[in-house]
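Number of protein chains: 2
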Amino acid sequence: MMWKEKKYKKIKKEIDNKILSITQNKNSLIQDSIDDLVKSGGKRLRPLLVLLASEFGDIEKDKIYKIAAGIEIFHMSTLVHDDIIDDASIRRGSETVQKKHGNKMAVFLGDYLLSKSLEIFEENLSSISKKKLSKMVRLICEGEITQHTNKFNYDLTIVDYLKRIRKKTALLFSYSMYLGAYESNVRGKDLYHLYKFGLEMGMAFQIEDDLLDYNGKKDIAGKKTNQDLKNGIYTLPVLLLLEDENERLKTINFLKENKNSEVLKLVHKKNKIKESRKLVKRFIFRARKQLNQLPANRAKKELSKIIDDQLKRNY
Amino acid sequence: MMWKEKKYKKIKKEIDNKILSITQNKNSLIQDSIDDLVKSGGKRLRPLLVLLASEFGDIEKDKIYKIAAGIEIFHMSTLVHDDIIDDASIRRGSETVQKKHGNKMAVFLGDYLLSKSLEIFEENLSSISKKKLSKMVRLICEGEITQHTNKFNYDLTIVDYLKRIRKKTALLFSYSMYLGAYESNVRGKDLYHLYKFGLEMGMAFQIEDDLLDYNGKKDIAGKKTNQDLKNGIYTLPVLLLLEDENERLKTINFLKENKNSEVLKLVHKKNKIKESRKLVKRFIFRARKQLNQLPANRAKKELSKIIDDQLKRNY
Chain A
249 MMWKEKKYKK IKKEIDNKIL SITQNKNSLI QDSIDDLVKS GGKRLRPLLV
299 LLASEFGDIE KDKIYKIAAG IEIFHMSTLV HDDIIDDASI RRGSETVQKK
349 HGNKMAVFLG DYLLSKSLEI FEENLSSISK KKLSKMVRLI CEGEITQHTN
399 KFNYDLTIVD YLKRIRKKTA LLFSYSMYLG AYESNVRGKD LYHLYKFGLE
449 MGMAFQIEDD LLDYNGKKDI AGKKTNQDLK NGIYTLPVLL LLEDENERLK
499 TINFLKENKN SEVLKLVHKK NKIKESRKLV KRFIFRARKQ LNQLPANRAK
549 KELSKIIDDQ LKRNY
Chain B
249 MMWKEKKYKK IKKEIDNKIL SITQNKNSLI QDSIDDLVKS GGKRLRPLLV
299 LLASEFGDIE KDKIYKIAAG IEIFHMSTLV HDDIIDDASI RRGSETVQKK
349 HGNKMAVFLG DYLLSKSLEI FEENLSSISK KKLSKMVRLI CEGEITQHTN
399 KFNYDLTIVD YLKRIRKKTA LLFSYSMYLG AYESNVRGKD LYHLYKFGLE
449 MGMAFQIEDD LLDYNGKKDI AGKKTNQDLK NGIYTLPVLL LLEDENERLK
499 TINFLKENKN SEVLKLVHKK NKIKESRKLV KRFIFRARKQ LNQLPANRAK
549 KELSKIIDDQ LKRNY
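Each protein sequence line maps, in turn, to chains A and B. Using the numbering used here, read the first sequence as starting at 249 and increasing by one per residue. Using the numbering used here, read the second sequence as starting at 249 and increasing by one per residue.
One should not assume that every hint holds.
What the hints assert, rightly or not - Residues on chain B that point at chain A, a partial pick, calculated with CB under 8 Å:
(1) Lys257
(2) Ile332
(3) Glu370
(4) Ser382
(5) Lys383
(6) Glu390
(7) Arg435
Since the hints were made in silico from the structure, they are not lab data. We put the beta carbon where it would ideally sit given N, CA and C, even for glycine.
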């Protein structure tokens, strides 16, 4: 992963410092929880996208770092609320807020982080970006609810899945690119391609992220594996089984009888991980197509490396 | 309560219709939950404050109803998240979302309502109001966290309590007044007095609201009583005992030993409800002082009735 390189460690450090300075609070429980969240890792991929997209235009350094930090704080708020949802005790390799201080605190801490990010955006964004933001926040919430209401739903289709991960993940990637670019006065085709790049890349990222759950190795994913099936969340490999007419009935029966290990065996036997990765590659191809239309610069090279990394993430 | 009058029933109906039209959603779980929330009652006090404050200036009817509905939707989002916190199964006399669909759904539904209100505000508010809003949302979250971290804290003071209810409740009242007025082009002293009226009235409202928990009658409060002590939330009567040097040690011992009924007996024996209501009256007096500085009109009369009602609410 590119963050290993010295330069990116430095950028990550700067983003983290900005997050900490923005979120500092007299209440020690708030402060400690946020310190924990920042320390517990994460690649800061979304703020990096903000910064890289901004290099296609021009903006004051302090301002773009504030915006980049705001995006990560917003993302953290969704992680904290997500952890309540799935009763997940491990996220990014550490204990979650929810596990440490209970659901109650996690709800409020998530709300606090969300409100803090909105305050940053309110102060630093143009009016058009703010309108887009409020719509995106609402769509992300809708995506979460849809995922929740579709639990244990055998009739979920791959199209439903793609719509869901678009809302759940890809929108924030594309919005990160958009923000970085738009606030740096990038307009027209460049803005469009940067935005679309984020969307395609976000789709690839989330499918891969879902595949980590099938991988079985906690240390790579930084969280427990084999959780999605248990929680009734059907991701691409299972949906490929369900849409495979030879496997559909068998799969439904395994799911109904809670035989998750049988479903997992079938996923691997029928090469559904490989098939899923084909779709990842297609999204990466589409992201690259967007990238190719952009003017050559340092940021373009970095974005190209980031999409290469999507394929090297796991296996 | 004034809502019983025909005119206010009509206004409440209009606000509810606006809320329902704003929040309508294809996802039936979202739709049903919001229908439940709207149907389960509530006085729509905050939107009413928006509407009344707007009468000191001038604004298009549709726009002010949108803003008023936005305030109630925001308020609903905090209620939904509050219910996760206290594991409250009854709110406004009905089953809560949390009880019906679990914590997970309640977190996301609260997030959805918050995002929806932000979208309304983004589209309808001036830039200054939006800046105030984002700060207020953050302060409300801080208030909730402070309440949570101060649970079972015998050293909490009345000053801490007043700070907490200011953030938790009074700010939203004063912001409702501010919004209604500012967006209707009220400026200067009138704006100030309307804003301050909301703040003082909100303080009176929350102290009274906390007193409902001591009342013992579920049907008045529309929610279970005697819950605060059980949850370690010390409101004014208990804090008056704790700051009464003759009662402090005894009270702490009762609290430590979880003898809540003894604490309640002491509250009544030492007239701490009456003493609390003196403070309510002081805030009402202060609210009335603000009101007196405002030009005479229909809205002023209604605001005056609303503060009278604060004293008739419960006992």
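For each hint, the structure was consulted:
1. Lys257: violated, 31 Å
2. Ile332: holds, 5 Å
3. Glu370: Constraint on Glu370/B satisfied, holds at 4 Å.
4. Ser382: Result: holds, 4 Å to nearest chain A Cβ.
5. Lys383: For Lys383/B, the interface hint holds, since the closest Cβ of chain A sits about 6 Å away, which is under 8 Å.
6. Glu390: Holds - the Cβ of Glu390/B comes within 8 Å of chain A, reaching about 7 Å at its closest.
7. Arg435: Result: violated, 22 Å to nearest chain A Cβ.
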